[in-house]
Amino acid sequence: MLGRVKDAMADAAETLRRAFSGLKVVEAAPARFVMHSHGSPGLQVEGRPGLEPPQADPKAMVLLQDAVEGRALEPFHARLAHEAGWTQWAAGATVVHMEPLEAGRATKMAVPPLPRRTAVSGRVEALARPVARRLSEPLARPAARRLDPGLGAGPARPGLETMLTLAVPFQGEDVQRLPQGLWMRYSLQLVRGTGENVRNLEVLGLFRIPRKGVADLRHDARQGRILLRLEPAALAAARSPFVLARRKDDGALVSCFVEDP
Amino acid sequence: MADPIKLAYFMAVKEGASYLGGLLMTDTSGIPLDFRYTEPITPTRLQGILYGKSLEPHLKEEVIQKTLLKELKSAPDLFILSASELAGGWSGDAKCPVLAVQKSQESPLARVGDAFRAGPRDLLIQLAEGAAPLRVMFAASVDAAAQEQAVAMLLEAGYHMDLTEPLERVGAALHSLVVKES
Chain B
1 MLGRVKDAMA DAAETLRRAF SGLKVVEAAP ARFVMHSHGS PGLQVEGRPG LEPPQADPKA
61 MVLLQDAVEG RALEPFHARL AHEAGWTQWA AGATVVHMEP LEAGRATKMA VPPLPRRTAV
121 SGRVEALARP VARRLSEPLA RPAARRLDPG LGAGPARPGL ETMLTLAVPF QGEDVQRLPQ
181 GLWMRYSLQL VRGTGENVRN LEVLGLFRIP RKGVADLRHD ARQGRILLRL EPAALAAARS
241 PFVLARRKDD GALVSCFVED P
Chain A
1 MADPIKLAYF MAVKEGASYL GGLLMTDTSG IPLDFRYTEP ITPTRLQGIL YGKSLEPHLK
61 EEVIQKTLLK ELKSAPDLFI LSASELAGGW SGDAKCPVLA VQKSQESPLA RVGDAFRAGP
121 RDLLIQLAEG AAPLRVMFAA SVDAAAQEQA VAMLLEAGYH MDLTEPLERV GAALHSLVVK
181 ES
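Protein chains in written order, with our numbering: chain B, 1 to 261; chain A, 1 to 182.
Excised from the complex, chain A in its bound form (with noise of 0.2 Å):
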């Protein structure tokens, strides 16, 4: 029996003048497996000077996402992040392809499981019947071979879960816990 499917949902929130981020690590139903956090990080005002523009990436991308991952149990199979954070270039070290899920407008597809590429790392798959198909989002790292294995866990996933709602459970947490702290 192959290993059931690990999805690990990535999001750093600034909450005022601090960062914190949260990984969630789930089966394909949506069930929480692992839950991972990082305490507010607050960056200097000198800090923020010597880092410029680079200041959210780099709390983002190299300290948030790396303490998380390194804190996991077992490593992820897929590694799903917003859209916009991808689109803003993410250079994440992480092991497994990185992407991102988003509902669409687009008309369904022919049959459930049909993915339409509608671009070298944008593609349409369709996950229930008659309902507008996901678009998926990959990063610049992720080759072709390595998208299909992720479609093919991802049409898996989608059948039992909605693939987008887990990162909005790991923006709720964050708040809850930003609240809970102050």
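Next comes chain B alone, as it looks inside the complex (with noise of 0.2 Å):
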């Protein structure tokens, strides 16, 4: 900053030097100032004809009419003249005698000398020199901005909830490669837990699920799978063998959980 103001005043100082390092100081009685009024006539208008408008003069074109048929071409006919203008020449003439020169008869003219200047007439005023001014305010730095161009996606949101609101497929475990020791014995437990006959059931496969936490059971029989809504609950619940059934008298469908041996 106090640089700044250092070079400013510096810049001040040289150009003053510079604008009064020419000039004599001469002292002179200032003269009393008078002030003289001078009035001015009014400016006035002097009305004079402006061009006069160019005018159109119509002339009428006469058309060729009343043409008349040319007729044929006559023969030159030959013609005597006679000119007698040299002789009237020859009579009018007049003879100029011309006096010889002689000497002494001769008379002395004056030449009057050129001018050696050459008056000069209007003046022309020197240009005047310009007047360097200094531009005290600099210009204003563009300012610069910045753009972040990153793509920002703020933090995950959990939403195991609404993930919980969507059903979870259950695929059927493949009974025909379980142990038959093991399949007799989740049958037994199936009648046992639904009281029915097991000639009246038809498995309709053997799914291992949360034993909390079902909210709700759909079977999708056309691929072989069957459709759970979980609750938070069944997430951190045991997965046990459930085996589901359908009554062949009226279709309605049992089911129950089995145990591992």
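Derived lysine-lysine pairs resembling DSBU-like cross-links, with alpha carbons at most 30 Å apart: (1) A/Lys103 <-> A/Lys66; (2) A/Lys180 <-> A/Lys14; (3) A/Lys180 <-> B/Lys212; (4) A/Lys73 <-> B/Lys212; (5) A/Lys53 <-> A/Lys14; (6) A/Lys66 <-> A/Lys95.
DEER-style ranges, computed between Cβ atoms: (7) B/Gly195 <-> A/Gly171: 39 to 45 Å; (8) B/Val203 <-> A/Gly113: 20 to 26 Å; (9) A/Gly171 <-> B/Val175: 30 to 36 Å.
Sample of chain B residues at the chain A side, in silico, Cβ under 10 Å: (10) Gly150; (11) Leu151; (12) Pro155; (13) Thr162; (14) Met163; (15) Phe170; (16) Glu173; (17) Pro210; (18) Arg225; (19) Leu230; (20) Leu235; (21) Arg239.
No lab work stands behind these hints, which were simulated from the structure alone.
Quantities reported herein were computed from a predicted structural model and do not represent experimental measurements.
For glycine and all other residues, C-beta sits at the position ideal for the given N, C-alpha and C.
Combine the two chains into a complex, taking the hints into account.
What follows is the structure in structure tokens.
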């Protein structure tokens, strides 16, 4: 800051030094300042006729009319003519006699000298020196703007509750691959759990599902799976084998959890 | 007893001019263990110009995926995404094998548990008797050894659950969140 002020002061001093360096100081008694007022005649408008507008002079064109049919060219006829000019010129001509040049009969004529200097009319005023002015107001620097092109995702939101509103499919296990003894054990538990006659039951599948937190169950016979809508309690619950069967007499679904040995 | 296998299903979608993503972690029964989602990100017009064609991959892989992985309670064993995302040249930095699973129209393999390598990063695995095998595609960063381990986990999980279904659930959940917020 101090440096800029010093620079500005130095510039001003240099400017003043240059401006007054070639001037001589002449002391003169200042004349009293008298104000003269001059009236100026009012502007008068003098009307002058303007340029006459060009006027078109209409001229009628006479159409070719009353044309006369040309006749055939007539043959030339020779005619004798008489010229008397030369005769008249010879009769009226006057002979001029020139006097011979004689010494002493000449007259001296004074030739005015050419002017040595031509008068200068008018005077061209010298061009005034342009006054240099210093622009003290510096141009403001353009402000650079920064745009962060980064794309931020923000924190991820937990959405497990939203996900639990969607049904979770459970594939049925292939009971044919189960050991025979195990499957017999499961069948017995199904009969005990449902109280149905084993001959009246058609097993639809064996599924491993949570023991708790099952809010809804639907059977997807086409794909051999069940669709469960789960509650949060199901996520931590143990998975157990679950047998789904249909009663043959009325088609109602019966089910029960079975115990692994 | 070995730790239960955790599968992470990732999906990022574009809804209008906004992008949002969700990450569902399930056990081998498909039961949700954790679900995280991002708020919709709407790039400005200037950001769209500055990023150009890299905007969408950058948002999905660098912004959404990293944010979601960071917020998970525990690290997943497999990171599963849609086949179209993987085919687009996934370059995320998940610490576990990144793969896509897809139902195929191929004829069944001989036995349940069989795997057939169709390419360096492409396998068919037989999960159910008589059913079409499941196609598994791995990201370029997954080497052969990691692929073998991942296939073993997929076979174990595929016995209890439909391995392709949770991704549909993530899409449905994201859609419901968008509808709820709008």
